[in-house]
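Undergrad: Read off the chains here:
Protein chains: 2
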Amino acid sequence: MFKKENLKKLQEALKSDELKAYLIVTSDPHNSEYIASHFKAFREYFCPFTGSAGQLLVTQNAAYLFADGRYWIQAENELKDSGITLIKVGDKNVPSIYKFIRQNELTPLGCDLSMITRDELETFRKKNVNIIDKDYSYLIENRPELPLNKVWKLREDLYTLSYKEKIDLIIKELEKEGAEANLITPLDEIAYILNLRGNDIPCNPVFYSYLYLSRKNGNHLFINKKKIDFELEGIEIHEYEDILPFMKKHRDIRTLVDPTRVNARLFHLIYGSVRAKNPSYLMKAIKGEKEIENTKRIQALDGLALVKFKKYLRENLKNNLTEYDYAKKLEEFRRESKDLYELSFETIAAVGSNGAQMHYEPTKEKSSVVSDKEIELLVDSGGQYYGGTTDTTRTFLIGEATPEFKHDYTLTLKAVIAVSDAVFIDGSDGHTLDIKARQFMRDEGMDYKCGTGHGVGYMLNVHEGPNGLRYKKVPERDDQAPIVPGMITTIEPGVYKEGKYGIRIENNLLCVPAFETEMGVFYKFETITYVPIDVEAINIDELTDKEIEWLNNYHEEVYKKLAPLTKDKELIDFLRNQTRKIFR
Amino acid sequence: MFKKENLKKLQEALKSDELKAYLIVTSDPHNSEYIASHFKAFREYFCPFTGSAGQLLVTQNAAYLFADGRYWIQAENELKDSGITLIKVGDKNVPSIYKFIRQNELTPLGCDLSMITRDELETFRKKNVNIIDKDYSYLIENRPELPLNKVWKLREDLYTLSYKEKIDLIIKELEKEGAEANLITPLDEIAYILNLRGNDIPCNPVFYSYLYLSRKNGNHLFINKKKIDFELEGIEIHEYEDILPFMKKHRDIRTLVDPTRVNARLFHLIYGSVRAKNPSYLMKAIKGEKEIENTKRIQALDGLALVKFKKYLRENLKNNLTEYDYAKKLEEFRRESKDLYELSFETIAAVGSNGAQMHYEPTKEKSSVVSDKEIELLVDSGGQYYGGTTDTTRTFLIGEATPEFKHDYTLTLKAVIAVSDAVFIDGSDGHTLDIKARQFMRDEGMDYKCGTGHGVGYMLNVHEGPNGLRYKKVPERDDQAPIVPGMITTIEPGVYKEGKYGIRIENNLLCVPAFETEMGVFYKFETITYVPIDVEAINIDELTDKEIEWLNNYHEEVYKKLAPLTKDKELIDFLRNQTRKIFR
Numbered sequence: 011m012f013k014k015e016n017l018k019k020l021q022e023a024l025k026s027d028e029l030k031a032y033l034i035v036t037s038d039p040h041n042s043e044y045i046a047s048h049f050k051a052f053r054e055y056f057c058p059f060t061g062s063a064g065q066l067l068v069t070q071n072a073a074y075l076f077a078d079g080r081y082w083i084q085a086e087n088e089l090k091d092s093g094i095t096l097i098k099v100g101d102k103n104v105p106s107i108y109k110f111i112r113q114n115e116l117t118p119l120g121c122d123l124s125m126i127t128r129d130e131l132e133t134f135r136k137k138n139v140n141i142i143d144k145d146y147s148y149l150i151e152n153r154p155e156l157p158l159n160k161v162w163k164l165r166e167d168l169y170t171l172s173y174k175e176k177i178d179l180i181i182k183e184l185e186k187e188g189a190e191a192n193l194i195t196p197l198d199e200i201a202y203i204l205n206l207r208g209n210d211i212p213c214n215p216v217f218y219s220y221l222y223l224s225r226k227n228g229n230h231l232f233i234n235k236k237k238i239d240f241e242l243e244g245i246e247i248h249e250y251e252d253i254l255p256f257m258k259k260h261r262d263i264r265t266l267v268d269p270t271r272v273n274a275r276l277f278h279l280i281y282g283s284v285r286a287k288n289p290s291y292l293m294k295a296i297k298g299e300k301e302i303e304n305t306k307r308i309q310a311l312d313g314l315a316l317v318k319f320k321k322y323l324r325e326n327l328k329n330n331l332t333e334y335d336y337a338k339k340l341e342e343f344r345r346e347s348k349d350l351y352e353l354s355f356e357t358i359a360a361v362g363s364n365g366a367q368m369h370y371e372p373t374k375e376k377s378s379v380v381s382d383k384e385i386e387l388l389v390d391s392g393g394q395y396y397g398g399t400t401d402t403t404r405t406f407l408i409g410e411a412t413p414e415f416k417h418d419y420t421l422t423l424k425a426v427i428a429v430s431d432a433v434f435i436d437g438s439d440g441h442t443l444d445i446k447a448r449q450f451m452r453d454e455g456m457d458y459k460c461g462t463g464h465g466v467g468y469m470l471n472v473h474e475g476p477n478g479l480r481y482k483k484v485p486e487r488d489d490q491a492p493i494v495p496g497m498i499t500t501i502e503p504g505v506y507k508e509g510k511y512g513i514r515i516e517n518n519l520l521c522v523p524a525f526e527t528e529m530g531v532f533y534k535f536e537t538i539t540y541v542p543i544d545v546e547a548i549n550i551d552e553l554t555d556k557e558i559e560w561l562n563n564y565h566e567e568v569y570k571k572l573a574p575l576t577k578d579k580e581l582i583d584f585l586r587n588q589t590r591k592i593f594r
Numbered sequence: 011m012f013k014k015e016n017l018k019k020l021q022e023a024l025k026s027d028e029l030k031a032y033l034i035v036t037s038d039p040h041n042s043e044y045i046a047s048h049f050k051a052f053r054e055y056f057c058p059f060t061g062s063a064g065q066l067l068v069t070q071n072a073a074y075l076f077a078d079g080r081y082w083i084q085a086e087n088e089l090k091d092s093g094i095t096l097i098k099v100g101d102k103n104v105p106s107i108y109k110f111i112r113q114n115e116l117t118p119l120g121c122d123l124s125m126i127t128r129d130e131l132e133t134f135r136k137k138n139v140n141i142i143d144k145d146y147s148y149l150i151e152n153r154p155e156l157p158l159n160k161v162w163k164l165r166e167d168l169y170t171l172s173y174k175e176k177i178d179l180i181i182k183e184l185e186k187e188g189a190e191a192n193l194i195t196p197l198d199e200i201a202y203i204l205n206l207r208g209n210d211i212p213c214n215p216v217f218y219s220y221l222y223l224s225r226k227n228g229n230h231l232f233i234n235k236k237k238i239d240f241e242l243e244g245i246e247i248h249e250y251e252d253i254l255p256f257m258k259k260h261r262d263i264r265t266l267v268d269p270t271r272v273n274a275r276l277f278h279l280i281y282g283s284v285r286a287k288n289p290s291y292l293m294k295a296i297k298g299e300k301e302i303e304n305t306k307r308i309q310a311l312d313g314l315a316l317v318k319f320k321k322y323l324r325e326n327l328k329n330n331l332t333e334y335d336y337a338k339k340l341e342e343f344r345r346e347s348k349d350l351y352e353l354s355f356e357t358i359a360a361v362g363s364n365g366a367q368m369h370y371e372p373t374k375e376k377s378s379v380v381s382d383k384e385i386e387l388l389v390d391s392g393g394q395y396y397g398g399t400t401d402t403t404r405t406f407l408i409g410e411a412t413p414e415f416k417h418d419y420t421l422t423l424k425a426v427i428a429v430s431d432a433v434f435i436d437g438s439d440g441h442t443l444d445i446k447a448r449q450f451m452r453d454e455g456m457d458y459k460c461g462t463g464h465g466v467g468y469m470l471n472v473h474e475g476p477n478g479l480r481y482k483k484v485p486e487r488d489d490q491a492p493i494v495p496g497m498i499t500t501i502e503p504g505v506y507k508e509g510k511y512g513i514r515i516e517n518n519l520l521c522v523p524a525f526e527t528e529m530g531v532f533y534k535f536e537t538i539t540y541v542p543i544d545v546e547a548i549n550i551d552e553l554t555d556k557e558i559e560w561l562n563n564y565h566e567e568v569y570k571k572l573a574p575l576t577k578d579k580e581l582i583d584f585l586r587n588q589t590r591k592i593f594r
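Going down the list, the protein sequences come from chains C and D.
Under the numbering used here, think of the first position of the first sequence as 11, with each following residue one higher.
Under the numbering used here, think of the first position of the second sequence as 11, with each following residue one higher.
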């Protein structure tokens, strides 16, 4: 926990080490998007801010938190009386952290280089900021331990390729790249390759470890041995910390590492690095036959939970339940399926104008009442199932829709349909598809300030690359690879009007072959989220005949997938009604 | 000129220098797309291939030309009996040059590092291929001299900012990036900054030079002094070759260089490099008030030449003229304007099935007869004018159009209109707009194998970044910057059917503001190419009402722009007819 003395201790250490400043980022040595509390404690010990992103820059006599627009309000509150200054990244005339460091002459600058990636360090260098590797984590008292949760094997019917088959494929890829070994540091890639899962990060069934693969030097897993109760044939198991001496010993081997993911400390141990994406980055995203079959199965289970939820919502609008109550109820409906492992992220349930805040998350303490005085309840949620990961948003009409709301809801639906119905040539990435969603809104001077979609893992991280839908490059998303059959990508456009409402519709799209002609190989999408869309919220006059046909076909598919899963007659009637055909 | 002994001489040198191989690329020290014959001679002395791209890899006892699909037929012919093996880059199972070098253990490998960029060298390194800087150009006999053409000043009414104003802006940008100096090596950027033009590369009014700007160390131009007859206040002029000793002397200065353009030899001289795009790269693309006004003026002159050409074509279809004859005639019409300086590239005039070859270029020796037995004549051409650069394609209907042709012509037009009519938010690049053009074709399993459009210079290179329209990243194009007001980009979709025909329609689009709302700042395009589109080739049933309206408005604008430029009654009548309104 933060105390002002903690910061003082760090500043004293800076002085005695003759460092002008120290940088603490919010990360772990694996460049994970979500991190264990052990790693989050690094920043939180020196700074009272609790947000999930932000960089703390400590000088000998001051401290600055660099946080983007999502966190300004939270940071201002939490930093009160801490003596730490908030730097609003992205605000007008606010310098970048590089410029800030240069302007204030804060070099030599220290940083724990295991917490930033090789490419992040390279960016500092490009910007003329040199960083010295320095680990001050020994200053932290009562630091949460590294998680010790057990690792478990994925059921055999849930994967297509055994870990040995995957390792063989990777080693063949390495040889194409002129590498003799592959050091894999992203946690979801390791879990994918080994067909193992863990529980080290909430909502992300991964486990802290490193994996080293080499035909010549053998395969090695680095993990706290207390966490693993079984052997893996062909893989030697070492302690987690042994990765550093191991890599030092093998530093001359031509080792493929992903410079956008490997931490800078590890990277600089390797003399013979081959910089490229890990073969597992792409392999993981291209789901196999069994992964696809299972994902469709559990998507239907998830869809049924959402239909139950919708019915419950309609029946309880007079009962003063809060967003948080509804989020918990939805979790209950999901847990009715024995195939649920955990949620894939904390449920967003936002009523009325709360929906306009894209990262709104109700808590037990702070949550609005959901009633039919509001137009809509936006619910963005998903589950980690034995058989796949889901991520679905529906905007439920709960009160009376204004013409403006109906128009915006219809635009959002048009955006979903345009991408879902797209045909694209082999080699197209999601960045080129993005405008198919946004075009309707931009014609009217509207836009949403987030990506249009992201890759979805398989009982793994709900956000994964290398596929994604967006028009701006976001290096840390690394999602500009061509979309190919087997990849699953969300489509989630929306209209967000401050003080009024938020609308988002999110489906998961599986890429499948379309056709092959002499001009090329073409792909399309199959929608694998099975949840009704609120037809009462649509202005049918704004849909084309083709769009109406798409929606009717989609609803027919939803009905066919979900109806056989329940014997509850009332629920089936509700589902039939919610998936009814619409006509002009 | 190539002789087998030349290659032998090089191979002997390799042996005595203990190099396994030597790489000769087709480039110059400025990473120019088109190069002077002095630089082309490097490859041509050792290899009989004459194409404008390709890499020659010479080992101690063999030689390989790496060339892509555009050049396979030409290379096979030209390499006959040379002993040089063609490596078909892009063909199935053909290794990349990196893999080829690794597989054949061709290191140590030499290369003249002034001919490849810092980032190209870095790519070799990433792929585990290390290159030694070695200049074997002394082996070349009778090498063409570096061009000695005079440099000239752009007329004052043709630019918005003086060179001093531009230098001031650049120096301010440098300071933001933490740099004290800027070494500018791309020739078009130097010409842009100094408001000077030259004649060193056909169709590209640039001159070989380097420019170094620094508030502290002064401004320095490196150019053969025989080429420049005037002084430039505030700029010291040095000999071209003095750039190397100069940079050595100033190696510790924090110097901004563009790693994608600066040659590797120069780059490695600089210790304090700040790697970023040159400020002039973006500045050059954002045309000022006078540049825009002049470009619109000369686009109308260019349009008139094309209308004269179209009339001439219609009147001469029975006269057995060839594509080459027509290309020359079009040049004549362009030269009727005193504002023409030269062509902006060699005219493509392709009749019937020749049009399906995207890089077809008729020559005096090899050119097909244009007659009304063919459906179409595709003409892609442009001029360098005192006041701007043009690049226009029209596909002229000369015979009878089949329904298939009309359908494909209409698809092409729909693609042009969709982009021309797009509204996009600030921050959008052309890669996100690309699909607006391709979507119509892809829905039918068609696509064109080139970008949808490229930036256009101002009396400079007809291809320039950082704007462009394409869906795949092409590093050497470097055209993924957001499109902002003042940029000019071509839109040039097409349908190419081997053995049948080629269809392409190409306009130049000026980006202009659309509107500003609370959700963002939005832009749109203004079409600034004024040339009628063949309405007889359209299937009107496939156009929407909005598309018909766009076409009619466009033709009205073309008429208004061109009619006042001529007193030739017959030509005005022809123009009126060619720009007539169409109705369903």
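Bear in mind the hints are in silico, worked out from the structure with no lab data behind them.
Incorrect hints may appear among the rest.
Given that identical chains are not distinguished, each listed pair holds provided it fits within a single copy or across any two copies.
Here are the computed lysine to aspartate or glutamate pairs in the EDC-like style, where the Cα-Cα straight-line distance is at most 20 Å [as the list claims (entries may be wrong)]:
no.: 1; residue 1: K160; residue 2: D101
no.: 2; residue 1: K136; residue 2: D262
no.: 3; residue 1: K416; residue 2: E384
no.: 4; residue 1: K109; residue 2: E190
no.: 5; residue 1: K534; residue 2: E557
no.: 6; residue 1: K376; residue 2: E536
no.: 7; residue 1: K102; residue 2: E384
no.: 8; residue 1: K287; residue 2: D129
no.: 9; residue 1: K483; residue 2: E175
no.: 10; residue 1: K258; residue 2: D101
no.: 11; residue 1: K287; residue 2: E132
no.: 12; residue 1: K259; residue 2: E528
no.: 13; residue 1: K109; residue 2: E187
no.: 14; residue 1: K374; residue 2: D78
Undergrad: Each hint needs a verdict: does it hold in this structure or not?
TA: Status of the hints after comparison with the structure:
{"no.": "1", "hint": "K160 - D101", "verdict": "neither (44 Å within a copy, 49 Å between copies)"}
{"no.": "2", "hint": "K136 - D262", "verdict": "between (26 Å within a copy, 15 Å between copies)"}
{"no.": "3", "hint": "K416 - E384", "verdict": "within (14 Å within a copy, 53 Å between copies)"}
{"no.": "4", "hint": "K109 - E190", "verdict": "between (40 Å within a copy, 14 Å between copies)"}
{"no.": "5", "hint": "K534 - E557", "verdict": "within (16 Å within a copy, 26 Å between copies)"}
{"no.": "6", "hint": "K376 - E536", "verdict": "neither (38 Å within a copy, 50 Å between copies)"}
{"no.": "7", "hint": "K102 - E384", "verdict": "neither (34 Å within a copy, 60 Å between copies)"}
{"no.": "8", "hint": "K287 - D129", "verdict": "both (12 Å within a copy, 18 Å between copies)"}
{"no.": "9", "hint": "K483 - E175", "verdict": "neither (34 Å within a copy, 32 Å between copies)"}
{"no.": "10", "hint": "K258 - D101", "verdict": "neither (43 Å within a copy, 40 Å between copies)"}
{"no.": "11", "hint": "K287 - E132", "verdict": "both (17 Å within a copy, 16 Å between copies)"}
{"no.": "12", "hint": "K259 - E528", "verdict": "neither (52 Å within a copy, 57 Å between copies)"}
{"no.": "13", "hint": "K109 - E187", "verdict": "between (37 Å within a copy, 7 Å between copies)"}
{"no.": "14", "hint": "K374 - D78", "verdict": "neither (25 Å within a copy, 62 Å between copies)"}
Hints 1, 6, 7, 9, 10, 12 and 14 from the earlier list are contradicted by this structure; the remaining hints agree with it.
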